[in-house]
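Chains C and W, in that order, are what the protein sequence lines are.
Here this note's numbering is used: the first residue of the first sequence is 1, the next is one more, and so on.
Here this note's numbering is used: the first residue of the second sequence is 1, the next is one more, and so on.
These aren't lab readings, by the way, just hints derived from the structure by calculation.
There's no promise every hint is true.
[What the hints assert, rightly or not] Each computed DSS-like pair below joins lysine-lysine, with the alpha-carbon atoms no more than 27 Å apart:
| no. | chain 1 | residue 1 | chain 2 | residue 2 |
| --- | --- | --- | --- | --- |
| 1 | W | 224 | C | 657 |
| 2 | W | 115 | W | 64 |
| 3 | C | 255 | C | 285 |
| 4 | W | 209 | C | 681 |
| 5 | C | 712 | W | 247 |
| 6 | W | 161 | W | 186 |
| 7 | C | 681 | C | 627 |
| 8 | W | 165 | W | 39 |
| 9 | C | 670 | W | 4 |
| 10 | C | 670 | W | 200 |
| 11 | C | 670 | W | 246 |
None of the values given here were measured: they were computed from a predicted structure.
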Amino acid sequence: MDGKAAGAPPDFHFYPMDLYDPEDRLHPFPEGATQTGREAYAEMAEEASEPGGVALGKAPRAQEEEVDELVHLYALGGAGEWGSELADGSAPCAEVPEHLPLGAQRDWRGEAGERSCPGWGAAGPGRDLREAYGYAHGRASEEYECYVIPEEEDEDEAALVFCVTCKAPVRALEVSDEHGEHEVTALDKALESAKDEVHKNMFKLEKQILEMENFANHLEEVFITVEENFGRQEQNFESHYNEILETLAQKYEEKMQALGEKKKAKLEALYGQLVGCGENLDTCKELMETIEEMCHEEKVDFIKDAVAMADRLGKFLNTDTDVEITTQPDFEDQTLDFSDVEQLMCSLHTLPAPSAPVINPQAPNSATGSSVRVCWSLYSDDTVESYQLSYRPVRDSAPGKDQAVFTMTVKETYCSVTNLVPNTQYEFWVTAQNKAGSSPTSERAVYMTAPSPPIIKSKEIQSCEEAALICWESGNLNPVDSYTVELTQVETPEASGVTESVVGIPACESLVQLQPRQSYTMSVRALNMGGPSARSDPVTVHTTGSRFPLNQHTCHPWLTVADDGFTVVRSEREAPPKEPLPGNTRFSRCVAIMGNLIPVRGRHYWEVEVDERADYTVGVAFDDVPKEEDLGANRLSWCMRHRFASSRHEYEFLHNKATPGIRITVSPRKIGILLDYENSKLSFFNVDISQHLYTFSCQLHGFVHPCFSLEKPGRLRIRNGIAMPTHVTFY
Amino acid sequence: MALKEISSNKCFEGLQKVFEHDSVELSCKMKFGIYLPPKAETEKCPALYWLSGLTCTEQNFISKAGYQQAASEHGLVIIAPDTSPRGCSIKGEDESWDFGTGAGFYVDATEDPWKTNYRMYSYVTEELPRLINANFPVDPQRMSIFGHSMGGHGALICALKNPGKYKSVSAFAPICNPVLCPWGKKAFSGYLGTDQSKWKAYDATHLVKSYPGSQLDILIDQGKDDQFLTDGQLLPDNFIAACTEKKVPVVFRLQEGYDHSYYFIATFITDHIRHHAKYLNA
Numbered sequence: 001m002d003g004k005a006a007g008a009p010p011d012f013h014f015y016p017m018d019l020y021d022p023e024d025r026l027h028p029f030p031e032g033a034t035q036t037g038r039e040a041y042a043e044m045a046e047e048a049s050e051p052g053g054v055a056l057g058k059a060p061r062a063q064e065e066e067v068d069e070l071v072h073l074y075a076l077g078g079a080g081e082w083g084s085e086l087a088d089g090s091a092p093c094a095e096v097p098e099h100l101p102l103g104a105q106r107d108w109r110g111e112a113g114e115r116s117c118p119g120w121g122a123a124g125p126g127r128d129l130r131e132a133y134g135y136a137h138g139r140a141s142e143e144y145e146c147y148v149i150p151e152e153e154d155e156d157e158a159a160l161v162f163c164v165t166c167k168a169p170v171r172a173l174e175v176s177d178e179h180g181e182h183e184v185t186a187l188d189k190a191l192e193s194a195k196d197e198v199h200k201n202m203f204k205l206e207k208q209i210l211e212m213e214n215f216a217n218h219l220e221e222v223f224i225t226v227e228e229n230f231g232r233q234e235q236n237f238e239s240h241y242n243e244i245l246e247t248l249a250q251k252y253e254e255k256m257q258a259l260g261e262k263k264k265a266k267l268e269a270l271y272g273q274l275v276g277c278g279e280n281l282d283t284c285k286e287l288m289e290t291i292e293e294m295c296h297e298e299k300v301d302f303i304k305d306a307v308a309m310a311d312r313l314g315k316f317l318n319t320d321t322d323v324e325i326t327t328q329p330d331f332e333d334q335t336l337d338f339s340d341v342e343q344l345m346c347s348l349h350t351l352p353a354p355s356a357p358v359i360n361p362q363a364p365n366s367a368t369g370s371s372v373r374v375c376w377s378l379y380s381d382d383t384v385e386s387y388q389l390s391y392r393p394v395r396d397s398a399p400g401k402d403q404a405v406f407t408m409t410v411k412e413t414y415c416s417v418t419n420l421v422p423n424t425q426y427e428f429w430v431t432a433q434n435k436a437g438s439s440p441t442s443e444r445a446v447y448m449t450a451p452s453p454p455i456i457k458s459k460e461i462q463s464c465e466e467a468a469l470i471c472w473e474s475g476n477l478n479p480v481d482s483y484t485v486e487l488t489q490v491e492t493p494e495a496s497g498v499t500e501s502v503v504g505i506p507a508c509e510s511l512v513q514l515q516p517r518q519s520y521t522m523s524v525r526a527l528n529m530g531g532p533s534a535r536s537d538p539v540t541v542h543t544t545g546s547r548f549p550l551n552q553h554t555c556h557p558w559l560t561v562a563d564d565g566f567t568v569v570r571s572e573r574e575a576p577p578k579e580p581l582p583g584n585t586r587f588s589r590c591v592a593i594m595g596n597l598i599p600v601r602g603r604h605y606w607e608v609e610v611d612e613r614a615d616y617t618v619g620v621a622f623d624d625v626p627k628e629e630d631l632g633a634n635r636l637s638w639c640m641r642h643r644f645a646s647s648r649h650e651y652e653f654l655h656n657k658a659t660p661g662i663r664i665t666v667s668p669r670k671i672g673i674l675l676d677y678e679n680s681k682l683s684f685f686n687v688d689i690s691q692h693l694y695t696f697s698c699q700l701h702g703f704v705h706p707c708f709s710l711e712k713p714g715r716l717r718i719r720n721g722i723a724m725p726t727h728v729t730f731y
Numbered sequence: 001m002a003l004k005e006i007s008s009n010k011c012f013e014g015l016q017k018v019f020e021h022d023s024v025e026l027s028c029k030m031k032f033g034i035y036l037p038p039k040a041e042t043e044k045c046p047a048l049y050w051l052s053g054l055t056c057t058e059q060n061f062i063s064k065a066g067y068q069q070a071a072s073e074h075g076l077v078i079i080a081p082d083t084s085p086r087g088c089s090i091k092g093e094d095e096s097w098d099f100g101t102g103a104g105f106y107v108d109a110t111e112d113p114w115k116t117n118y119r120m121y122s123y124v125t126e127e128l129p130r131l132i133n134a135n136f137p138v139d140p141q142r143m144s145i146f147g148h149s150m151g152g153h154g155a156l157i158c159a160l161k162n163p164g165k166y167k168s169v170s171a172f173a174p175i176c177n178p179v180l181c182p183w184g185k186k187a188f189s190g191y192l193g194t195d196q197s198k199w200k201a202y203d204a205t206h207l208v209k210s211y212p213g214s215q216l217d218i219l220i221d222q223g224k225d226d227q228f229l230t231d232g233q234l235l236p237d238n239f240i241a242a243c244t245e246k247k248v249p250v251v252f253r254l255q256e257g258y259d260h261s262y263y264f265i266a267t268f269i270t271d272h273i274r275h276h277a278k279y280l281n282a
C-alpha cells in the first residue's frame, strides 16, 4: 500500500488510509506505543548508557549522547529498524524533538523503548524520510538487523560537525580533506535545523490526516447517496413494472375469459346440433321400427299404415335435416392488443411525469403594493423542465363569473408576479412540466399584495411636549389589517436615528409618546396579510410647545380661517343669521371656533395675537360646550373677554357667567394662555410685558380645547408650538 | 450699626428673626422682622421689603400674613420694618392711630416736631437696605417692595420715586391717592405742611403721571368689602386711570367678599410673593 496522493507536497508521500480500520491511523505523537525496532535499539542503548545516570555534567558523555540523539533523529530508528519494518510492516514515527532534551536522555531512551509507530504499513515513507535526512550513522542499510551503536561510541573523543552538503555528520578532522569545499555547520545548529524539519513534516502529516479523514467522510456520504438514488430508481422501476405486469395479467384473464366463453358458445351450439341430430335419429329409428312392424302386419293393415307411414315419412324426410355444422371448431385468430402495455413499457425508460408541486404559503413581508413573490417546492426527485404558474384575483362576487386567469412559465421554483392591484387577494396554483408531461396541479394558495401607503393628514397633527396625535387616510379602498407608525428623531442630517415603530394600530390615528423639544419624522404604513405598504409621505413633528389645528366643524358661519390655518377673521359683511341645526357642531350664537388640542394631560401653552380694539374672547371649553351659548356663559368654558368701548378697555374672566373684578391698565396685544391639567389651572398673560393677568382654578375632568371668538369684525392670530416662556413657568 | 437679635424662630426650614438697631435717620431704636429662607444658608438671596399699614409694628406681618412658606419656596429674604419711629417722646405722637406713632406714612417729614425722627422714606429706601445688605446674605441688585394700606402707599411711592431700584412692586388695598383722601390729608399736612405741591411728591397717582422709568409690573389686590374703600380712603380708580393713561402695567383685582384685614392679606400673599419671585429670580 504504497501510494502517492495527488497534490501532496513532493517531499511527502500519500499514505494509504484504510477507511474501515481506523485504529490503524497514524499517531503523530506516539507515546506509550512500542516498536520492535526501537526496542532493539533501546536494548542496545541501555547497554550503552549508564544505568540510572543522567548525562548532565559529563561533557564527553553528553556529547556522545547528543550525537546519539542526532542519529536517532535522522535515522528515525536506524538501519536495523528498516529491516524490522519491512518484516512486520511497521514504520518509524517522527520523533518529537521535545522528547530529546539532553538532560533527559535516559528518559527519552526509555520512552523510545516504549514507542512505536503502527499503521504505516509501509517502509517506503520511512525509508524516504531517512533518505531525506540522508543519515544513518554508520551503516544504515537493510543488512543490519539492529541499530549499530558501537560505532558512535568509538568516536566519542572526536569532535563532530555537520556537513550540510553531504548531509552527514563528520569528524572535524575530516572536514578539511573530504568536505573541504562543503558547507559545514556546527552539530548543534544542524540538530536544530533537523528538528525544525521534523516539526514541519509532522505538521504536514497532521494536515494530510485531516484531509484524508474529511475525504473519507465525504466518500461515505456519497456511498449513502448512491444507495438512496438506487433505492429510488428501484422503487420507480418496480412500480412501473408491477403496473405492466398487472396490466398483462389482466389482459390474460380477460382474454382467457373471452375464449372460454367462445368455447362455451361453440360447444353449446354443437351440443344443440347434437341433440337435434339425436332426435332426428330417434325419430328415424322409430319410424324404421314402425315400418318394420308394419311389414309384419296383415296386408290390409299394412296398406293402411303404409299410406300413413308414407305420409309421415314424406313429411319427415321433407324436413330439412341440417347436417351442416354450424359451429366451426376453430377459434379465430386473436389479435392481442398490447398497445397499452407497449405504452407502459415505453414509459418505463422515460421519465415519469412529475408529481404535483406544493405551493408555499405567502412568506411574510414578501409582497409589495403591486407584486407578490410566489414560491413553491417539489418534494420529489422528479426531473422538471419548467413550471407553469397560474393566478387570478379572488373576488367575493358570485363564483359563476369566470375570472380571467393569467399564466406564466418559469424555470425556477419562485416567481415575482407584478402588475397587480394593491391590497388584493390572488389565487395561485402551479404545475410542473417535463418531457413526460405535466404534473397534476398543486393546491391553490392565496397571496395578497401589500396595501397602498396611507396619506397622513398633515394639517391635522396635534402635538404637545410629550406626545403627538397623527391621523391619516387609509389609502386603500378595502380595509387593511392594521397600521404601523414609524418615527425617527431628527438629530442631524447625517445621523440616522433609531426608528421606533408603533404596530398593530387598528384605526387611522395614533397617539405617540415623544421626548420634549425634539423634532421627529413620522410616517405610516398599512399592513395586511401580504406585508406592509411602502412608507407614506413623512411629516415632521416638533415637540416644542403645543400645536393644535383649528376645527372647521365648529366654526361659526361668520368666521373664516385663513390659509395659514391660524388666522381667524370675522369680516364686516355678515351672512344673515341661520337657524341653528340641531345637533350641529358649529357655534351658532357665539361667533367662535375651537381648536383640537391633543388629549394629553400636562401643561399646554399657546398665544393669541389680538387687535387692541377688537372685541374678542379667548379661552378653553369642553367638546360638548353648548354651541348656542356664549363662551364663558356656562360651566363648560373658561375664557378671557375683552371689550373696547368708549376708549375703555374692559376685561372679564368668565366662567359660568361670573367674572372677578379685574382692571388691566395696559391692553395686551399678545395673550399667552397656559392650560395646566395637573394643577387644574388656566392662566392668561400679557406676553409682551411678561405680565400675569389672571388664573382660573378649574376642575378639568375631561379634555378641553382652545376656543376663540370675535364679538365684532376683526381678526385674531393664533400662535402654536411655542415653548413656555420663563415667566409663565412661575404659574 | 450694631444689630441686636431679639428673636429667632425656625419656620418652613428658614428662620424668622427680629432685630433691633439704632437708626440714624430716625434717631431711635428700630426693630424689623427678617425672614431668611433655607437657600440663604448657602447663597445670597433677593430681598423683598414689606411695608405695613397704620397701627402696625414689625410683628403684625410676620405673625399674621402666613408668607413664610412662599418665601421659603421661592428663596426670598423678606424684611418687614416698623411703621414709624418709636419712643421718641414727641408730643402728640400717640394721639391718633392714623397719625404719629404707627403712622409714619413713609415720608421724610419737613415739619416740626416730626422732622427729626419721622424720616421713614429715607429709612426705608436708604438706611434699612444698607443695613440689610451689610449684615445679611442678600443680593443688593435684586430688591422689590410691597405693602398693605399705608404700606401699599409706601411701596408704590418708593418704587415710583426710584425707577430701577425695585424690580417689582405690589400692594394690598393701598392708599393710592393720599392727597385726595382724609388719611393722606391729615398725615401730609402734619408731616409736610400745607404746601400741597410737596404732598404730590409722595402721592402714587401723581407720581405715575410723570413716571419716566422702566416698566414696572404692578399687582394690586383690593377687598371689595373693605370699608376703607367705601370710605374713600384708598381711591384705586384714580391710580388705575393714571396708569392706564401712562401705560404703566397694572393688574388690579377686586376680590369679592374680602375686607381690609390680614385675613385678606393672608389669602393672596402667595400670589404676591410669586409675582415678585418672577422678577427677583429671573
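Is residue 209(W) close enough to residue 681(C), meaning Cα to Cα at most 27 Å?
-> Cα-Cα ~35 Å, so violated.
Hint consistency between residue 224(W) and residue 657(C) [alpha-carbon to alpha-carbon, up to 27 Å] | holds, 19 Å
Hint consistency between residue 165(W) and residue 39(W) [alpha-carbon to alpha-carbon, up to 27 Å] = Status holds; Cα separation ~23 Å.
For the pair supplied as a hint, residue 670(C) and residue 4(W), confirm whether the alpha-carbon distance does not exceed 27 Å.
-> violated, 50 Å
Would the pair residue 255(C) and residue 285(C) pass a check requiring their Cα atoms to be no farther apart than 27 Å?
-> Status violated; Cα separation ~44 Å.
Mind checking the alpha carbons of residue 670(C) and residue 246(W) for me, to see if they're no more than 27 Å apart?
-> OK: residue 670(C) and residue 246(W) at ~19 Å, within 27 Å.
Below or equal to 27 Å on CA atoms is what counts here, so check residue 670(C) against residue 200(W).
-> violated, 35 Å
Given the proposed pairing of residue 115(W) with residue 64(W), does the C-alpha separation stay at or below 27 Å?
-> violated, 31 Å
Keeping to a limit of 27 Å between CA atoms, is the pair of residue 161(W) and residue 186(W) held or broken?
-> holds, 22 Å
Would you mind confirming whether the straight-line C-alpha gap from residue 681(C) to residue 627(C) stays at or under 27 Å?
-> Roughly 23 Å separates the two Cα atoms, so the pair holds.
Are the Cα positions of residue 712(C) and residue 247(W) separated by 27 Å at most?
-> Given pair residue 712(C), residue 247(W) holds - Cα atoms ~25 Å apart, limit 27 Å.
Hint violations for this structure: numbers 2, 3, 4, 9, 10, all remaining hints satisfied.
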